[in-house]
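Asks: Residue numbers (our numbering), protein chains in the order written: chain A, 1 to 365; chain B, 1001 to 1365; chain C, 2001 to 2365; chain D, 3001 to 3365.
There is no bait here: all hints are sound.
Below 27 Å or equal to it, Euclidean Cα-Cα: the simulated DSSO-like pairs (lysine-lysine) are:
1. C/K2049 x C/K2021
2. C/K2290 x D/K3290
3. B/K1021 x B/K1070
4. D/K3225 x B/K1226
5. C/K2021 x C/K2364
6. A/K21 x A/K6
7. A/K364 x A/K70
8. A/K225 x C/K2226
9. D/K3049 x D/K3364
10. B/K1225 x D/K3225
11. D/K3226 x B/K1226
12. A/K6 x A/K364
13. C/K2006 x C/K2021
14. B/K1225 x D/K3226
15. A/K225 x C/K2225
16. A/K226 x C/K2225
17. C/K2290 x C/K2246
18. D/K3006 x D/K3049
19. D/K3364 x D/K3021
20. A/K226 x C/K2226
21. D/K3290 x D/K3246
22. A/K290 x A/K49
23. B/K1290 x A/K290
24. B/K1006 x B/K1049
25. D/K3246 x D/K3225
26. A/K49 x A/K21
27. A/K246 x A/K225
28. C/K2070 x C/K2006
29. B/K1246 x B/K1225
30. A/K6 x A/K49
These aren't lab readings, by the way, just hints derived from the structure by calculation.
Number of protein chains: 4
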Amino acid sequence: MPVMMKAAVFVAPGRIELADKPIPDVGPNDALVRITTTTICGTDVHILKGEYPVAPGLTVGHEPVGVIEKLGSAVQGYREGQRVIAGAICPNFNSYAAQDGVPSQDGSYLVASGRCACHGYKATAGWRFGNIIDGTQAEYVLVPDAQANLAPIPDGLTDEQVLMCPDIMSTGFKGAENANIRIGDTVVVFAQGPIGLCATAGARLLGATTVIGVDSNDHRLDIAKKLGADVTLNFTRCDVVDEVMKLTGGRGADAAIEALGQQATFENALRVLKPGGTLSSLGVYSSDLKIPLGAFAAGLGDHRIVTALCPGGKERMRRLMNVVAANRLDLGLMVTHHYRLDDIVAAYDLFSHQRDGVLKVAVKP
Amino acid sequence: MPVMMKAAVFVAPGRIELADKPIPDVGPNDALVRITTTTICGTDVHILKGEYPVAPGLTVGHEPVGVIEKLGSAVQGYREGQRVIAGAICPNFNSYAAQDGVPSQDGSYLVASGRCACHGYKATAGWRFGNIIDGTQAEYVLVPDAQANLAPIPDGLTDEQVLMCPDIMSTGFKGAENANIRIGDTVVVFAQGPIGLCATAGARLLGATTVIGVDSNDHRLDIAKKLGADVTLNFTRCDVVDEVMKLTGGRGADAAIEALGQQATFENALRVLKPGGTLSSLGVYSSDLKIPLGAFAAGLGDHRIVTALCPGGKERMRRLMNVVAANRLDLGLMVTHHYRLDDIVAAYDLFSHQRDGVLKVAVKP
Amino acid sequence: MPVMMKAAVFVAPGRIELADKPIPDVGPNDALVRITTTTICGTDVHILKGEYPVAPGLTVGHEPVGVIEKLGSAVQGYREGQRVIAGAICPNFNSYAAQDGVPSQDGSYLVASGRCACHGYKATAGWRFGNIIDGTQAEYVLVPDAQANLAPIPDGLTDEQVLMCPDIMSTGFKGAENANIRIGDTVVVFAQGPIGLCATAGARLLGATTVIGVDSNDHRLDIAKKLGADVTLNFTRCDVVDEVMKLTGGRGADAAIEALGQQATFENALRVLKPGGTLSSLGVYSSDLKIPLGAFAAGLGDHRIVTALCPGGKERMRRLMNVVAANRLDLGLMVTHHYRLDDIVAAYDLFSHQRDGVLKVAVKP
Amino acid sequence: MPVMMKAAVFVAPGRIELADKPIPDVGPNDALVRITTTTICGTDVHILKGEYPVAPGLTVGHEPVGVIEKLGSAVQGYREGQRVIAGAICPNFNSYAAQDGVPSQDGSYLVASGRCACHGYKATAGWRFGNIIDGTQAEYVLVPDAQANLAPIPDGLTDEQVLMCPDIMSTGFKGAENANIRIGDTVVVFAQGPIGLCATAGARLLGATTVIGVDSNDHRLDIAKKLGADVTLNFTRCDVVDEVMKLTGGRGADAAIEALGQQATFENALRVLKPGGTLSSLGVYSSDLKIPLGAFAAGLGDHRIVTALCPGGKERMRRLMNVVAANRLDLGLMVTHHYRLDDIVAAYDLFSHQRDGVLKVAVKP
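Next comes chain A alone, as it looks inside the complex (with noise of 0.2 Å):
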């Protein structure tokens, strides 16, 4: 086995490179996966462009496909050379935030390591990949609390359609789950970019019979459509909020679920709901929000805001891999280019740019 590999890296704001850095040693918890296929996130644009802070040198994806190369000693159960995926978020389910039911926001590695000085749980914190330790856009990835974390993908399902699984599906649909969501709903999706796409198909998956896809552009809209959306709105040409009463007889959504993380998006997917409806939010926001009086009954509406990081774990992916081998949902549809992990720095260019009707590109060592 070789002892370097090539690894996207962060460099400086502006600058994510290819670098050859050491393939890293495996701790008893810990495996070693050779990458197969990973992908671009919206988060790894946000670090390219400086806007979040991440270790100069820090290897970054979060989406791994791959195979397992070496298991650490006290890993049980799997064998090398099998076909894995895990999750954007790996949990250390042997936490206290994990045993109290939110698995993504355990912080208490950053005490061990000394990173923060905390003793509790910290938000977020349970995102490791590209955040705190080397990350999948690379020839290997170490998955940490590795018995907890690698899932073995079903026979007959090929890279692609897993893909999105670590991620983006299992974002979209919390996102979905967090509607509480009953048969027959109205459920009001806000921007349909690939999470809100994956919130769509959530929502039509949980019973929602009024699906309601909302964006400015017209082939994700058609998308949509093909992926659960009973009507589209495009909100360049009409009012969403006026159009969603109408829909509704004047009762409101039952759920909205937000999928950009903006001001407009949050504000109106409060506007359309009915007295006693959730808001359920994805977006990652980078300012203050506002809640409008008027929107939020000054308090009295019953109303009810969730938030969501991503779910993780080897249980959550096998769930979503179900839905996949299932035939519920096609999300390979949703990746629109390939590239060589040598091309990473193209893949970036034309992904951070949005051109060419990109949703999601799969990159491949």
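Chain A is fixed; fit chains B, C and D onto it per the hints.
Replies: Then chains B, C and D, alone, in the frame of chain A:
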């Protein structure tokens, strides 16, 4: 039976006065209740000040304790002379909203009465007494949907013991119920007015083991201790967020209950939370709210923000009176002053200026 | 308007016959509905055989599709001539039971009418049509608590398309809802009669990805595939428990739905479950049930067994008709035979002997 | 450090004896704990009698209070010398079962160790101490998955105060948690042994306002009153079902908790329920159970039957110790007798014959 009665009516901003009004007729689904005790709520003070609009001439008040004087022809299972209460919110349980799980939010009668062209739910529309129909600060009140809303008082309980059930206790407890409390939780309650005190008591009754009451008034903090707080914090003398972090070993509170309706308390309620925690909001806000980006973890903290309007209905009232009858809680100690209905102008004066350590007043025709 | 109507009444065990009865008077909270289509349920066959006691002379049937003929004086928001359905169970939503979360279980009117000395809930007492009051196999039916129970049919839907909503679909879907389904679940549905087929469809609509239909009738298993089953098992040709274990890699099913009401299906529903799984029971049993010690893990398996009575009310009906209107499901294919009300004796004969591949019959006055 | 220790081992039916065994080696994810106090459970008596099979030579006992002697190389955030407890069930939180919500039910290590060919969950397989691996009635115990299972004891709490947390309190409270208690509920707890007493206490802590304890032993009923029962019923002197119906005005109990494991208590727990009520079962049954048709409303009563295995993990232990530290409950009064480990045969003799009013014994090496 007489045909006229005394009632406290809203005349104009700054003026609530006693007037003579006809005792109302009783429709098939109504009940006429002779008031024996009622009280004044913070909302009534907003009405008095003209901050919340109601029709001039409307009888105010929404917390009835009394005796059934006359039952509508279709109301079964009660008898005239029976002691009863009814919720501040008297829902129409036949409505779509009620069958959908939010009885307090039905506005269907607004459509029926021609007051509103909406076809769906309408936030807060379930509140009728002293808002849309004549209220309880009178010798008699007409209870709508009486079959659903009349709740017999268990033998042995005084008017004062059940006077908080229709609104303060139902609202405060709902705040605790929405906080999703599990055994061993830490719950912080911001503001220890009547509703906050009930939220404090409710949090303890539901199994929280570190209930933290926050206020600037030491007298109210003393009462909080009597009603269930393990710890009290006077925010004029400490940094509440720091203290909560210390008390929880850096972990953060499992839930926070906002019981004031202001930006500062809303914001701090978010800041004390663990990732994955719940902000249960009870306050009536008077302006747009700001959600600070950091406290909200940029939308990635698995947070929940939940609002509520006071739940009503005879089953709710039955359960709350059970709490009183079982000696779990003595809310009688909240009744600090007594007035006759004839002196209600003086009662408003005392209560609206929060003089003399007043928490709640009992008003008796 | 005529004063007499034709109605199918229970005469004695073995005899349900057409009779002339007066069209009922309409009280303030009632509505008189002219039936355009109704159907026969398995429960009606139990009544016919004398296995379930009803008063001689009672009109049978509990699945109404029709037109509002006359509204009670207190019923608002509907118009005469409007096409409506009502649930098989028409709950009194003003009752303690309904406000407590189980509208189908209220028996308060039994007390009011002197039929029962109980003061509390009474199991199954929410079922009135064709059980305690005159039912729907007639030219007209009186709908009690009409404000809560009349559900307008969306434009464009035929009688046949909504005929399953009042009972079969509401019950079958409740079975799926009680199964606590999460995305990626394996759900086994025991028996593929009309209710089991709806449970199969409901399980798929709620996100199960391996829906397994079990029956001995290959024709019904074919319909199961059309309505949502991923896999079907004919229990006369395989060991169902073994097959489920194979299909789940030894893990067991996440949930099982019992839709027959017999010991064998109840027991196997328990045997296929994973520890922590849910048995959602829909069947009407006719004798004591046995829980096998091993399948129950001696009481230590974190199992849930949940039963249900068909949910009713206008909001429930609205949601189910939404499912139909959104083309999620075509239950029209369950209506295999058509009869006129005049020929209802022949319809009972066919249906009770399950001749000619009958699933459900449509009966039209 | 010594290499040998004393341990109580199962020899043959009727014989649990003290033996010398090597102190075990510590793997990377283990911790060696020096026992300071442990206790004997009813399950241990079943083992003693040969009614529950364990391997001859196995150290019995599953309730550890002690001090960390040595930590595995991969275990972080603890220090040697720290006082800790661990749950009777020490789950592998990396397992599919744990990530799926039932940590107590994972059997993956059985596969890994070759003891079981199953691939999935296995009921009760989460219980390891004194069942599959050496237990706690010894000078030292090896805690598996230590990172997930070691729970530091808060300062100021004695061994006796936390001795019930690992099993009795965790199980009893789970019974109350599964009962789905809401404020104002009536809850009946059948049997007031140690687990039933904890269920009684838990029901009160969660907001039930009429907690009814049932037993035949007046002394235990007295303790039930001290720990939270509002009413106690000695079933040898009254008809429990009749009494509960009287106490609830004919409505039935909202929930019943079975804490004995026998047909009679299971059956009565069902009989006292309202339609829509929950039977939370904790008992370990030794034969098939019968569900009476009438009490089950023929399957139409909207009933829930829920079972549980004791929850474990450090977060669970942390929460239970919080209850003790907050003075909500004094379980020290359950410890009626003290023994040295050297005298454990005598302790078994007393406990298995339930002599001298014994509830629980403390055993100290």
